[in-house]
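Participant: In order, the protein sequences belong to chains A and B.
Read in the numbering used here, the first sequence has 221 at position 221, and its numbers run on one by one without any break.
Just add 297 to wherever you are in the second sequence, counting from 1, and you've got the numbering used here.
The hints are simulated quantities; they were obtained by calculation from the structure and are not laboratory data.
Please read all numbers here as calculations on a predicted model, not as lab measurements.
No false leads were mixed into what you were given.
Label pairs and their in silico Cβ distance ranges:
| no. | chain 1 | residue 1 | chain 2 | residue 2 | range |
| --- | --- | --- | --- | --- | --- |
| 1 | B | Thr441 | A | Ile156 | 48 to 56 Å |
| 2 | B | Lys300 | A | Arg97 | 35 to 43 Å |
| 3 | B | Leu304 | A | Leu104 | 32 to 40 Å |
| 4 | A | Ile66 | B | Lys680 | 25 to 33 Å |
| 5 | B | Lys512 | A | Met12 | 22 to 30 Å |
| 6 | B | Lys512 | A | Arg176 | 37 to 45 Å |
| 7 | B | Lys705 | A | Ile156 | 31 to 39 Å |
| 8 | B | Asp495 | A | Ile103 | 40 to 48 Å |
| 9 | A | Leu116 | B | Lys303 | 37 to 45 Å |
| 10 | B | Leu304 | A | Ile112 | 35 to 43 Å |
| 11 | A | Asn146 | B | Lys680 | 26 to 34 Å |
| 12 | B | Asp639 | A | Gly65 | 54 to 62 Å |
| 13 | B | Lys512 | A | Arg286 | 25 to 33 Å |
Here are the computed lysine-lysine pairs in the DSS-like style, where the Cα-Cα straight-line distance is at most 25 Å:
| no. | chain 1 | residue 1 | chain 2 | residue 2 |
| --- | --- | --- | --- | --- |
| 14 | B | Lys509 | A | Lys7 |
| 15 | B | Lys426 | B | Lys388 |
| 16 | B | Lys416 | B | Lys512 |
| 17 | A | Lys7 | B | Lys552 |
| 18 | B | Lys528 | A | Lys7 |
| 19 | B | Lys601 | B | Lys363 |
| 20 | B | Lys567 | B | Lys552 |
Glycine residues also receive a C-beta, built at the ideal position from the N, C-alpha and C atoms.
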Amino acid sequence: MDFLIFKAPILMVQASLDGILLGILFALIAYGMALQWGVMNIINIAQGDLVILGGYIAYTMYLAGIHPAWGVIVSPIIMFFVGWALYKLVINKVVDRDLFISILATFGIAIIFQQLMNFIFGADVVVAQSEYGTTMLFDNSVTLPNSKIFSAVVSILYAIALVIYMKKSRLGRAIRATAQNARAAKILGVDTEKVYAATFGINAALCGIAGALIAITLTLHPYVGLPYTVRSFMIVIVAGLGNLPAVAISGMGLGLFEEFADYILGTEFRIGAVFMLLVFILVYRRFKLSKKREYLK
Amino acid sequence: MNKLTKLFITFISAITLMLSSMSSSFAKVDGEYIVLGAAISLTGKYSSNGVHTQNGYNLAVDRINKMGGVEVQGKKYKFEIIYYDDESNPKRAAQLAERLINQDGVKYMLGPYSSGLTKAIAPVTEKYKIPMVEANGASRSLFTKGYKYLFAVLSPANQYLEVAIDLAVEKNGGKPVRIAQAFEQDAFSQDVRLGILDAAKRTGSEIIIDDKLPKELNDMAATLAKVKATKPDVLVVSGHTKGALTAIRQIAEMKVDVPMLAMTHCDAAKLSKQHGKKSEYALCASQWHKNLSYKDKFFGTGKKYDKDFKKEFGYAPPYQSAESSAALLVFKDAFERANSFDGDKVRDALKTTEMQTFYGNIKFGPGGQNTAKPMILFQVRCKGDTCENKVVAPTKWASDKFYHPIPKWSERS
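Required output: the full structure, derived from the provided sequences and hints.
Facilitator: What follows is the structure, encoded as structure tokens:
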């Protein structure tokens with residue numbers, strides 16, 4: 001079993017493609033997190049649970065006989081309003097407060113969401129079938145599930161749409177202005193309250209899309225939200241706030257890193273390796289920052 | 298109201314509270330009722346299996362009470378269960394066990410759902426010398442700690458898939474096979490893994506892939522790519538319902554061809570319903586199946602149990618319910634043989650249990666595990682779009698022939 005990946009190089013292609021496709025999906029969730037973190041200075045612990053809720057919306061459609069892929073359109077619409085309502089009920093009370101309070105508040109929301117989903121949808125692990133089939137490359141030795149390709153394409157399309165929206169639309173400009181300086185934006189007539197609500201809604205909608213994609217590519221369960229939160233948190237830390245290309249690259253990079261860690265170190269160290277990388281990056285960044293400071297002195 | 302009166306009132310209410318909780322502390326046998334205690338996951342991540350467990354217990358209590366109850370020293374008694382919700386949380390389960398024993402005065406316990414929670418409760422019941430018959434904790438480590446008051450009606454986890462390796466060797470003309478395995482890193486799945494290691498050693502088989510899946514993982518693509526590259530004779534997967542569903546989804550999507558696929562938790566995952574034809578030919582370990590020919594006078598055969606359970610609860614009983622019902626039959630038998638309510642006498646009677654129930658034969662080994670009942674394997678087989686689980690091993694109980702090897706994906710419609 002020693003380094004199978006070097007004995008069979010075709011596995012490298014497989015691992016790279018798997019990692020990139022999954023990474024793109026994670027990058028979408030991370031982008032939502034980066035957006036509302038940057039604009040509102042809130043770290044949303046309930047991010048993963050919003051994703052799972054979006055997944056359950058697609059799953060409910062699947063149960064009703066509608067193809068679950070339509071979830072990528074229906075789910076974000078519903079989730080936008082869920083996000084909006086969440087903002088009005090809870091988040092607006094913590095938005096200008098200490099970061100710690102917002103973490104506590106969203107942690108509470110996460111628990112409530114988990115229990116509600118457990119109550120409504122049950123504690124069973126569920127999947128929605130897309131029946132998209134498989135693409136085979138290199139004489140059948142590399143296989144790509146079409147559902148994963150579909151999810152990557154949808155993620156990219158939505159990301160592009162969002163970037164354009166942020167650049168061109170009035171609300172998008174208002175959001176960017178608020179992110180840069182909320183007070184100045186307010187003075188210049190931006191309704192920051194509305195901007196915050198919309199930002200949280202957009203974040204929830206992005207989670208909804210990712211959730212619907214996860215329903216057809218992976219599995220759903222009321223309590224698997226946290227790994228998605230952690231993953232997107234990591235991507236954002238590596239990429240920084242409000243920088244979509246960086247988020248996309250760091251998402252894919254993490255996906256790749258994870259897949260290769262699996263082959264080289266073993267499956268049991270897959271998640272551990274990612275955490276090690278995170279520690280390394282944080283230390284490296286600190287090191288770089290301190291050097292900069294000395295230079296400024 | 299001055300300070301003194303306040304203090305006095307507090308004192309009085311404290312005393313009343315103490316007395317009120319004491320009055321129920323002789324509840325082990327309350328009038329004509331034998332009171333059993335159980336902490337069960339009614340909410341949280343184990344809630345669906347927790348409910349299956351509770352339904353199994355309740356069905357058996359009803360049935361035994363209706364059919365005359367338990368006869369001890371010439372008097373008829375009925376069963377009653379005090380339930381608490383442990384929220385799928387081991388710490389909470391241990392607290393509730395203390396509460397059942399100290400506050401509610403329960404002298405006999407039924408097990409919770411899952412190995413993890415049983416592990417949390419067993420030290421408590423052991424400390425207070427309370428006999429516990431459990432039906433849903435299969436982890437081998439439960440039976441190696443020298444517990445004296447723990448009895449499990451189910452086969453231990455290491456036996457789950459051993460049969461599958463034997464079957465693979467048999468199909469290979471008695472020659473050793475190459476095994477690929479992927480197990481989640483939790484107590485139960487790792488015990489299943491130990492069983493496979495034993496079986497591999499015994500048959501001289503080689504383990505070529507041995508992946509340990511992290512708990513958070515819901516993507517097995519890397520493991521399956523390795524399987525594709527190394528072409529083992531048998532692939533073994535155990536990672537609860539999530540593992541089973543993920544494995545089937547990705548094996549089908551990645552078109553992984555293995556001659557034999559063995560897993561756990563297929564019926565809990567409703568594999569044949571959720572994945573339909575994609576799950577065909579998967580081999581699954583199970584504690585029980587309704588078609589087995591065991592019998593008892595309370596539930597009759599497995600088929601009859603299946604029918605009665607469906608009538609009562611509106612769904613087919615998973616094995617978690619069947620084994621839970623069996624736990625009550627064991628208790629009844631032990632009380633009658635002990636002919637006493639003394640905890641140690643009941644324990645001694647439990648220790649010498651040797652009986653047949655609709656769920657299987659029950660006889661406890663030195664560690665408390667059931668040694669009289671083999672695990673069974675069923676295979677998912679489909680006709681058109683409806684898939685069913687057919688018992689294929691051991692041969693004594695097999696209703697259908699084991700289909701081997703699994704046809705290649707390119708040949709499957």
